[in-house]
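**Student:** Sequence:
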Amino acid sequence: MSQIIKLDKEKRQYMISEIQTYFLKERDEDLGDLASGLILDFFLEKLAPEFYNQGVYDSYNYINDRIEDLLGIQKPTACH
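In the numbering used here, the protein residues as written are 25 to 104.
Do not rely on the hints blindly, as some may be mistaken.
What the hints assert, rightly or not - Each computed DSS-like pair below joins lysine-lysine, with the alpha-carbon atoms no more than 30 Å apart: (1) K70 x K99; (2) K49 x K33; (3) K99 x K35; (4) K70 x K49.
To be verified - The calculated label-pair distances, taken between Cβ atoms and stated as ranges, are: (5) D57 x E92: 30 to 38 Å; (6) A59 x K35: 16 to 24 Å; (7) F75 x A102: 47 to 55 Å.
Since the hints were derived computationally from the structure, they do not count as laboratory data. We treat Cβ as the ideally placed atom computed from N, Cα and C, and that holds for glycine.
Based on the provided sequences and hints, a complete structural model is requested.
**Tutor:** This is the structure:
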């Protein structure tokens with residue numbers, strides 16, 4: 025089940041402004057709020073889940089590495 029990320033009004037407006045700044049600087053295109061909002065919606069719907077999943081995977085690997093570090097400090101016993 026896909027769920028689109030919900031942004032509060034201020035964060036959404038900030039991101040729209042960043043998109044407008046990028047397009048003006050890099051492509052010399054002056055995008056309005058509607059066009060920038062549609063681009064943001066596309067990223068949130070289609071690409072954000074990929075970034076999220078990569079973050080989950082990276083976190084999983086990080087935690088596994090730390091668990092291996094933790095197991096490495098065990099004291100030797102007669103059983104091990």
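**Student:** A separate judgement is required for each hint: does it hold in the structure or not?
**Tutor:** Hints, verified against the model:
A C-alpha spacing of about 49 Å is found between K70 and K99, which places the hinted pair above 30 Å, so the restraint is violated. Note on K49 and K33: the hinted pairing holds, with a Cα-Cα distance of about 24 Å set against a maximum of 30 Å. Between K99 and K35 the alpha-carbon distance is near 50 Å, which puts this suggested pair outside the 30 Å criterion. Under the criterion of a C-alpha separation no larger than 30 Å, the hint pairing K70 with K49 is consistent with the structure, at around 24 Å.
The given range of 30 to 38 Å is broken by D57 and E92, whose C-beta atoms sit roughly 49 Å from each other. Taken as a hint, the range 16 to 24 Å holds for the pair A59 and K35, whose Cβ atoms sit roughly 19 Å apart. Taken as a hint, the range 47 to 55 Å holds for the pair F75 and A102, whose Cβ atoms sit roughly 49 Å apart.
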